[in-house]
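Chains as they are written, first to last, in the working numbering: chain X, 1 to 161; chain R, 1 to 500; chain L, 1 to 318.
Think of the hints as simulated: they come from the structure by calculation, not from any bench. These figures come from a predicted structure and were not determined experimentally. Glycine included, each C-beta is placed from N, C-alpha and C at the ideal position. Among these hints, one or two may not hold up.
As the list claims (entries may be wrong) - If you anchor each label on the Cβ, the simulated ranges turn out as follows:
#: 1; chain 1: R; residue 1: Ile139; chain 2: L; residue 2: Thr276; range: 38 to 44 Å
#: 2; chain 1: X; residue 1: Leu145; chain 2: R; residue 2: Ile139; range: 19 to 25 Å
#: 3; chain 1: X; residue 1: Leu43; chain 2: L; residue 2: Glu291; range: 38 to 44 Å
#: 4; chain 1: L; residue 1: Gln305; chain 2: R; residue 2: Ala131; range: 52 to 58 Å
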Amino acid sequence: MTEKLQGQPGETPRKRSQQDLGGGLFLIAIGLFAIWQGSNLPLGTLRSMGAGMLPISLAWMLIAGGALLVLTSFTTAGPDLERWSLRGLCYIIGGVLVFAFTVQRFGLIVAGPLSMIIGSFASDEARLKEAVIFAVIMTALCILLFKYALGLPIPVVNFRW
Amino acid sequence: MNEFAANLALGFGTALSLQNLFLCFTGCMVGTLIGVLPGVGPIATIAMLLPITFGLDPVGALIMLAGIYYGAQYGGSTTAILVNIPGEATSVVTTLDGHQMAKQGRAGVALGIAAIGSFFAGTVATLFIAAVGKPLSQIAQFFGPAEYFSLMVLGLIFAVVLARGSVLKAMCMILLGLLVATVGTDLVSGQERLTLGIQDLSDGVDFASMAMGIFGFAEIIRNLENPEARDVVKSKIGRLLPNWQDIKDASLPVLRGTFIGGLLGILPGNGAVLGPFAAYTVEKKLAKDPSRFGRGAIEGVAGPESANNAGAQTAFIPLLTLGIPPNAVMALMVGAMTIHGIVPGPQVMTKNPDLFWGMVASMWVGNLMLLIINLPLVGMWVRLLQVPYRLMFPAIMIFCCIGIYSINNNTSDVLFTGFFALSGYALLKFGFEPAPMLLGFVLGKLMEEKLRQAMILSRGSFMTFVERPLSLALLIVSLIMLIIAVLPAMRQRRDEVFTE
Amino acid sequence: MKMFAAALAIATALTGSAMAQSYPAKPITMIVPFAAGGPTDIIARFVGEHMSRSLGQTIVIENVAGAGGTTGITRAAGSPNDGYTIMMGHMGTHGAAPALYPGLKYDPTALVPVGIAASTPILIVGSNKLPPKTLQEFIAYAKANPDKLNQAHAGIGSVSHSTCVMLNVQLGIKPTAVPYTGTGPALNDMISGQVDYMCDQIVNLSEQIRAGNVRAYAIASPERSPALPDVPTTKEAGLPEYQVIAWNAIFAPVGTAPEITAKLNDALKKALADETTRGRLLNLGAVLPKENEQSQAFLGEFVKQEVARWTPILKAAK
Chain X
1 MTEKLQGQPG
11 ETPRKRSQQD
21 LGGGLFLIAI
31 GLFAIWQGSN
41 LPLGTLRSMG
51 AGMLPISLAW
61 MLIAGGALLV
71 LTSFTTAGPD
81 LERWSLRGLC
91 YIIGGVLVFA
101 FTVQRFGLIV
111 AGPLSMIIGS
121 FASDEARLKE
131 AVIFAVIMTA
141 LCILLFKYAL
151 GLPIPVVNFR
161 W
Chain R
1 MNEFAANLAL
11 GFGTALSLQN
21 LFLCFTGCMV
31 GTLIGVLPGV
41 GPIATIAMLL
51 PITFGLDPVG
61 ALIMLAGIYY
71 GAQYGGSTTA
81 ILVNIPGEAT
91 SVVTTLDGHQ
101 MAKQGRAGVA
111 LGIAAIGSFF
121 AGTVATLFIA
131 AVGKPLSQIA
141 QFFGPAEYFS
151 LMVLGLIFAV
161 VLARGSVLKA
171 MCMILLGLLV
181 ATVGTDLVSG
191 QERLTLGIQD
201 LSDGVDFASM
211 AMGIFGFAEI
221 IRNLENPEAR
231 DVVKSKIGRL
241 LPNWQDIKDA
251 SLPVLRGTFI
261 GGLLGILPGN
271 GAVLGPFAAY
281 TVEKKLAKDP
291 SRFGRGAIEG
301 VAGPESANNA
311 GAQTAFIPLL
321 TLGIPPNAVM
331 ALMVGAMTIH
341 GIVPGPQVMT
351 KNPDLFWGMV
361 ASMWVGNLML
371 LIINLPLVGM
381 WVRLLQVPYR
391 LMFPAIMIFC
401 CIGIYSINNN
411 TSDVLFTGFF
421 ALSGYALLKF
431 GFEPAPMLLG
441 FVLGKLMEEK
451 LRQAMILSRG
461 SFMTFVERPL
471 SLALLIVSLI
481 MLIIAVLPAM
491 RQRRDEVFTE
Chain L
1 MKMFAAALAI
11 ATALTGSAMA
21 QSYPAKPITM
31 IVPFAAGGPT
41 DIIARFVGEH
51 MSRSLGQTIV
61 IENVAGAGGT
71 TGITRAAGSP
81 NDGYTIMMGH
91 MGTHGAAPAL
101 YPGLKYDPTA
111 LVPVGIAAST
121 PILIVGSNKL
131 PPKTLQEFIA
141 YAKANPDKLN
151 QAHAGIGSVS
161 HSTCVMLNVQ
171 LGIKPTAVPY
181 TGTGPALNDM
191 ISGQVDYMCD
201 QIVNLSEQIR
211 AGNVRAYAIA
221 SPERSPALPD
231 VPTTKEAGLP
241 EYQVIAWNAI
251 FAPVGTAPEI
261 TAKLNDALKK
271 ALADETTRGR
281 LLNLGAVLPK
291 ENEQSQAFLG
301 EFVKQEVARW
311 TPILKAAK
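Extracted from the complex, chain X is given alone in its bound form (with noise of 0.2 Å):
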């Protein structure tokens, strides 16, 4: 109620949750978006419904839920968009990534620690020695537990290009 925002003078003061506003742009956006996706696919009449008529609908449900979404926004009250951790997101998507990369190509033996190290500098307190050995002695056991214990069929080995 302290904050008085873009509104002419004299009206009621209003709140707004800076969160729910971007929230409800994004699902605007995804439901564009599938639906731009899913043009070309037929709606069906109801007694054969077509292969479009559900992603569709429920995308033009999702715009209407966030279009909803925005306009409460500026009536309710609610926190404001955090800031995105760069470097979180960064190194630990960045390790997937690299995981996915080298896993088949290289085997288990190259894949793991690279990504382990990797990821592991998404934390502020890395320190590349503990990570590096640690992430050798992990590799090590998850070739015993997934490929020996468990037996399943993932590549350890590999130099396949």
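On the provided structure of chain X, position chains R and L as indicated by the hints.
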């Protein structure tokens, strides 16, 4: 009654042979292990173990494979409670209060109550199968596509109740989950939908890669940005096992959970998935102070965990009495039986009584073993939480990566997980909760399938959902649930307006 | 990837005979394009188990399911053609797929045939709640009630889908098709009378027929099945043109050395001659290939016929 006793005697005679005890134990151990490991599910493991069972007799082989299945349900809750990662759809709800309990230093209590509740539920469900399995299997026959669709609607209402915060946001998340569920090949026409031209999406999004992404990885990134949150777990240890007060608090939820989960488990088409969600909803609605839920309420762990395990047992009913597998794991059990020369069907009970009763008895023995395996492990798991987070999260990461890769031996699943981590993080930042989205996703596929089947069968008339009594009843219950769920939120809104 | 395949093909040609002589020197992966536990998977495991013994190396079954089996075959077809990756193809992936999946990334007739493993006959079954009791009555009923009839199938591209499309085309009927995600749920709804009839492999149906939960109209094979001696053949029941079988056969990627596939074919023949393996397969209700049908050349011809036979039927029904 005499016959019942004789049957049970035959069953225990089979299950308690030295070889079968050993196989049951092995199955339970392997099951617990794969349940704890995120991503590695019972399907991959049972498929890998099929060749090994070639040399065994059919009863022993099936006892072991069944042990893996329900053992995995026990193990799955451990990961959900400790690191907030649901390995399977059925442990999504356990993360809500289970992980909160862990953060409050009550991880031991949560794990303990999950194990005890599961054991109780397993025992009751086993007796259930033995006593009334055959007549109960007829329930499946009352569920046509229309009834199933109405049941799914009810399931979606549960998802609204699950939400801690805004009802509107929860509904949006359900819709998003439903939308993601439509990705993949269309069941009716075979057309690809919303796959962005990626071939690996033609069978849709995999549950595990989505759950790992938006629960596991997004949560890690979030934990890393506020150091206080991640160290809470470490600083407090608390009691290792539940005390009498905890057990008293949990006893009714366990009973109710067992009943709900057991009943839903019988339904074909994976009704067991609904069990934990339904149990959670019931507990939250019956609680004197529903606001405790989502903040570490023991009922929120006890109810769903019992429902989960009861459902895991009763899911065997359609398989053993009708020969019809209700879910993917049971379809694999059909394969296992066939490999051993037993074609599953309605006559397994009469043709192979030692198999039927042996398996039933072994399920109880297995549940007892799981309790004995899991209670001592609680201490170990809790101590594992003391590992510094900077070492713990890379370990979780690598386990998840390997687990996801092993589902289909496919790297694209790992890539999708990376994508879901990013979108899950964005959703968290916008204040959305992931649980309703996952439920929407799980139910979405079934729901569309059943909706379209029902509409095809009714030749395009929506009246089919209202004309069929069971379907109508389910829809009425859904409506009542929705009103109960939405009313408090509306009242709250009004209160807010008035205070302004 | 293409460059690599070409280079490998040359390398194989040069070292071909040397490699083939020491083959197999490590475990062989057999890709099964369906989930574990289904008929094709079980046949692959039975045959693979005996082949492992005669080859002296384990055949590891890897299930790569998806898109009616085409995902797994696409993966297998793109694997190195050194004989260490082979695949279990079937009626759908090597017969119906070219008509159903326009963007198919492999040519079934180009893959190197190893041999037919086993086939499972197809049955036409109806719900107990449906009035007709015999195939002739069923045909009359289907023609008289075109709007009422509901046919279940286990998804586009599945055996139950393709084989029933063929039946419908031959009978000239257009029932309402109700898709399910598998045989299990479809059977469940047929037992309770929600849907009227379906076509599927014998192993999925035999116990339900024996228990009287569903009614078998006919079996689409030349002879009656020992597993269900009371069920008449389509020929006996008056629909001789409906002959269809869900066959399963082993293939190797394009360019696999003939010495290698000959060794695999030899191992397959030994498996099919083994009493235990035969017994296990027959217990499924499967039909085993006769002596003259076990050769690589026979399978090569057979695949060409199957593609030619399925393509017009499925394209017309689309």
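Against the structure, the hints:
A hinted range of 38 to 44 Å holds for the C-beta pair isoleucine 139 (chain R) and threonine 276 (chain L), which are about 40 Å apart. Leucine 145 (chain X) and isoleucine 139 (chain R) have their C-beta atoms about 40 Å apart, which leaves the hinted 19 to 25 Å range violated. Under the hint 38 to 44 Å, the C-beta atoms of leucine 43 (chain X) and glutamate 291 (chain L), about 55 Å apart, miss the expected range. Range check, glutamine 305 (chain L) to alanine 131 (chain R): about 55 Å between beta-carbon atoms, so the 52 to 58 Å window is met.
In the structure shown, a violation is registered for the earlier hints numbered 2 and 3, in ascending order.
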